[in-house]
Amino acid sequence: ICKKSYDHSSTYYNLQETLHKWPRSSIKGLSLPLMLRQFTLHTSKTRSGGVLKIVREHYLRDDIWCGSEVCKECKDEAPVLQEHACIESNLCSYPHYLIPDTNVVLHQIDILEDPLIRNVIILQIVLQEVRHRSAPVYKRIKDAIHEKEKHFYTFTNEHHRETFIEREQGESANDRNDRAIRVAAKWYTDHLAKKTNGGSLKVVLLTDDRSNKEKAEQYGLIVYRCEEYIKSLIGNPELMDRLALKPDDQNEITGSKLLFPEHLPLSRIQSGIKNGMFLQGTFHANRDNYLEGKVFINREGEEINEVLLQGLQNLNRAVHQDVVAVELFPKEHWVAPSSVVLQDDSPNDEDAEEDETENKLKGEPSDSSVLQPTGRVVGIIKRNWRPFCGMLSQSMIKEATRHLFTPADRRIPRIRIETRQAANLVGQRIMVAIDGWPKNSRYPNGHFVKNLGSAGDKETETEVLLLEHDVPHQPFSQAVLSFLPKMPWSITEEDLKVRADLRHLCVCSVDPPGCTDIDDTLHCRELENGNLEVGVHIADVSHFIRPGNALDQEAASRGTTVYLCGKRIDMVPELLSSNLCSLRSNVERLAFSCIWEMNHNAEILKAHFTKSIINSKASLTYAEAQMRIDDSTMKDDITKSLRGLNRLAKILKGRRIAKGALTLSSPEVRFHIDSETHDPIDLQSKELKETNSMVEEFMLLANISVAQKIYDEFSECALLRKHPSPPPSNYDILIKAAKSRDLNIHTDSAKALADSLNNATVENFPYFNTLLRILATRCMMQAVYFCSGMDSDFHHYGLASPIYTHFTSPIRRYADIIVHRLLAVAINADSTYPDLMDKHKQSALCNNLNYRHKMAQYAQRASVAFHTQLFFKNKGIINEEGFILFVRKNAIIILIPKFGLEGAVFFDNKDKPSPHLSFDSEGPTLKVEEHTFRMFDEVKVTISLDASNIQHQRIRMALIEPVIPGVSVPVPESEPEAKKPKLDC
Amino acid sequence: MAGLELLSDQGYRLDGRKASELRKVQARTSVFAQADGSAYLEQGNTKALAVVYGPHETRGSRSKSLHDRAVINCQYSMATFSTAERKRRPHGDRKSSEMSLHLKQTFEAAVLTELYPRSQIDIYVKILQADGGNYSACVNAATLALVDAGIPMRDYVCACTAGFVEDTPLADLCHAEESGGGTSLALALLPRSGNIALLQMDARLHQDHLDALIEAAMTACKGLSKVLDGVVRQHLEEVSVLIRD
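Protein chains in written order, with the working numbering: chain A, 1 to 985; chain B, 1001 to 1245.
No wet-lab data here; the hints were simulated from the structure.
Because the structure is a prediction, the values reported are computed rather than measured.
Some clues are possibly wrong.
Using C-beta positions, here's what the derived DEER-type ranges look like [as the list claims (entries may be wrong)]:
id: 1; chain 1: B; residue 1: Glu1166; chain 2: A; residue 2: Asp748; range: 30 to 36 Å
id: 2; chain 1: B; residue 1: Glu1108; chain 2: A; residue 2: Lys75; range: 44 to 50 Å
id: 3; chain 1: B; residue 1: Asp1167; chain 2: A; residue 2: Glu238; range: 31 to 37 Å
id: 4; chain 1: B; residue 1: Val1239; chain 2: A; residue 2: Lys75; range: 38 to 44 Å
id: 5; chain 1: A; residue 1: Asp190; chain 2: B; residue 2: Leu1210; range: 54 to 60 Å
id: 6; chain 1: B; residue 1: Leu1210; chain 2: A; residue 2: Asn529; range: 44 to 50 Å
id: 7; chain 1: A; residue 1: Gln218; chain 2: B; residue 2: Ala1033; range: 40 to 46 Å
id: 8; chain 1: B; residue 1: Val1239; chain 2: A; residue 2: His58; range: 32 to 38 Å
id: 9; chain 1: A; residue 1: Arg225; chain 2: B; residue 2: Glu1166; range: 36 to 42 Å
id: 10; chain 1: A; residue 1: His840; chain 2: B; residue 2: Glu1057; range: 54 to 60 Å
id: 11; chain 1: A; residue 1: Asn758; chain 2: B; residue 2: Asp1167; range: 54 to 60 Å
id: 12; chain 1: A; residue 1: Leu496; chain 2: B; residue 2: Asp1167; range: 42 to 48 Å
Just so it is clear, CB atoms sit at the ideal spot from N, CA and C, and this is done for glycine as well.
Use the sequences and the hints to build the structure in full.
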């Protein structure tokens, strides 16, 4: 065998020689690349010691265009780079294109993203290197390239015949790439000079690498350091602040004293983790004590899953959410977590001595039972830095350019930044990114990214809370918008052919007032056989959002529309959410219909799903619909339909509750917002009408029907929603609370809980039941989306349904879009695609949706809290009645039903001696001096806004009644003059 | 960190080709004097050598011969040095016997075997360098060798692979693309009639994309047939010049 193959190989080499002599035959109409090169890479294989010889083909082409408008020779159909590429600069007075090198893209992406920077050539080699080094930056630079207004052009230099270079002997890969960048820049220079007849258009190479710069200058290129270039820009001083600090610059800023131990190199960390010397985990800083943090070890089988870190030295520059390696101390050095509240608020920028505060920590009593595994950070495995929102604390020295930045999130350390516009930034909310944390600096160094606006301002604060809750809220990119249907849009013949025409039906929608994204409509009519036909028609969003395109990806990443007070952050562009998909009255719209035939007992006889065309006859609000139902003089079709629906809904609801569905309560409020200033002028609890429950009932019915259908059809990859039953211990507080009023709550099943909640009433205390339900809501688990192939428990506890999904709001929830697609495939109305049938991908999608929903909820709450603050800022101090919701060791939590507001009254003050407190966890009760507080007690409090810390404003409550000497405050007689709301604010 | 980007935003593949472009194909026939027909073919870095003997009497047991047509006997092998790592490849391993079987089926569909009853045609193919699309290189080389041997066929048999990346079908995959995940489909086509001699796909592909993928592979095969035709015609020209002399 061996001999034979040897024969072949010798033939092959002979052939090789002859082959090269052949002329290249050109054949028309064939796609063949133009020129061929090969290069080889050698790598020794480690496992078996063999040599791996890799030969790759590399084609070089003549048809890669320069992408400039000026050039007539390149047959580019849509040139990206403009002819008049003007960024006004002291250094370059001529129009020019920028070519950044890899490090400039990696470190100065904030600058490149600025709208001012346009006409940039990103070389393929740069893009490749960025891709290898940092995924987030790669994503950002790609977004910038896609942005049409930015005029970023990707030049495929590695496959261009004239810009490809081979690595020379003894040249490192990095040097070769640097040379490739220079060669490409040179090519551009010559190419453009030729095209413009030696005209003014030039190419500027940006690099921070000294040797690269020198070589480029020798090579005849115009080359600047990034800093140099940005400084020269006329009229944009703020861009200067966004420059990231380079490691070489950092020496200037910091003192020479080493403050921190060196981080170990990654290789040593890895071997240390392997042999058990170090532990890997995620670092969580303590919110209340900046000198303390915890590392959660996320490896299974480790007996220690939490390591305490104390003191700056041991924290060793770890920032909240970083993945770090820690070393455990021997047991005798273990300590207990301190309960001290420490805020890093030393006013000066100097690297102050921290010894005194460190000592404070160490003076703790060491009871061995509370000792925790303690250790120190030896190295950082992965930084998890993101741009942080916060405010600038200006340096004491007036002319200083270095200032400290205090993030809004208290777990993030203060960051030192360099800015020339500090005076303008004081009182503003700004965004800052961390560049690095050298071992001789007390604080991390960062750079200014963006000014969000003045603090306390409504828009600014909204922006901050969106950023801090990771809610994607940028305007939709051009790529996304390009997938929108072209206007004017109308229903085509084809739609008519494949869809059921339901335009004749008397369909109407019922929504809250001011709703523009109407995604559900209803109808009900009597059939000839005496049965009822009920239809739920949902906006057919999946018709417009096709799987896999940019629009779809954006919607999937946003996951949900976020409703804040007075603002909505759409999941899909407005054209869809408020127009084409919104089922407004008297326009023809595409819908996905779920139609049941029911008897008068609301029993489903037949269910049927179809894509349809509808024409809604009326868009009603809950109140309007209620009026029509109640007004016996109205006899039109819409009203009849509504009455039919209402009657059926009551039966459905009754049946559902009999099965054990829970009716829970949470204090929801609505702000009346001034139409001009957009300030909240009044709040009101949300009122629930019969029609609310009517719509809800049919949506539940549709969701359950669809869930069953898609699960039957796709048992492995149906997207469902479950609500796990809470562990019994969650109910402890509820049971205790009820006991205090001599009532028993059974929590064995949802049914038992629902029944006992219904029976739990106290005479002369009508609000008691609502309070109990509020409390019960707090005991619940979070409902989550999941993929049916990955889980076995489908039960929805709160709705007492064995299966459930979301189908009825595709405009504002991405989960519904997926469910629509699944259902469409199930009824053969649409084709499927691979990701839809992949349970792992779907499960990953569910995780994102759950995360986005949670964050949206937090953002919503934060928005309500902020508006509540605004409201009370305008009101001054007011007195209100409330109920005790919880009793804590040193405080009582009070709910003000009128505002749906919750706040704490603390009994221990920093500056005053605390009153005598005794807490009984069984009740739970708290005895303050002579008075005992129990849950649900009625109290009177004053409410005011505490604005002492502008970043963390909060509502402050103080007790008026019951009167406890030394604790309660006197009733404020009238609003003090100073607190009078300013009318012009 | 991240895997290879098989198709860039600008539409270029790893080696600089566009999605529908083939690798450079070079071939020549009659490379051996002692065989009835032979051909050497390069498809990019994939290099194959095909030798044809026959038609001749069936060797070995008579029972194998068919009374109404010729038996096609294919043997596929790979050279020790054909892949990145040197590896001894014994004859008759599973992969190569499967490949031999595929080749046999392909050529039974193309060769007019009924013209030679009770006889045998031997096709030996060897991969000298493997860089993706081994099967298609073998088929294309064997076609040329068969033409060189003067064995009547219905049409050229052209084979090409196609893969599917980011909703775009890629023609003629190289090794990096084949191993970079994703589906690859091998198709052998009789270009004039448009009949498919063999279609093979091992990985999963969504049904909706299959048509696009087959279409891409067929277009590539048709392109290849022009190249092969050119090679044959050029060889004929050279030979006829020699004869005239």
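For each hint, the structure was consulted:
1. B:Glu1166 / A:Asp748: 30 to 36 Å: 53 Å, violated
2. B:Glu1108 / A:Lys75: 44 to 50 Å: 47 Å, holds
3. B:Asp1167 / A:Glu238: 31 to 37 Å: 41 Å, violated
4. B:Val1239 / A:Lys75: 38 to 44 Å: Because 41 Å falls inside the window, the suggested range holds.
5. A:Asp190 / B:Leu1210: 54 to 60 Å: 48 Å, violated
6. B:Leu1210 / A:Asn529: 44 to 50 Å: 46 Å, holds
7. A:Gln218 / B:Ala1033: 40 to 46 Å: 58 Å, violated
8. B:Val1239 / A:His58: 32 to 38 Å: 35 Å, holds
9. A:Arg225 / B:Glu1166: 36 to 42 Å: 37 Å, holds
10. A:His840 / B:Glu1057: 54 to 60 Å: 57 Å, holds
11. A:Asn758 / B:Asp1167: 54 to 60 Å: 55 Å, holds
12. A:Leu496 / B:Asp1167: 42 to 48 Å: 29 Å, violated
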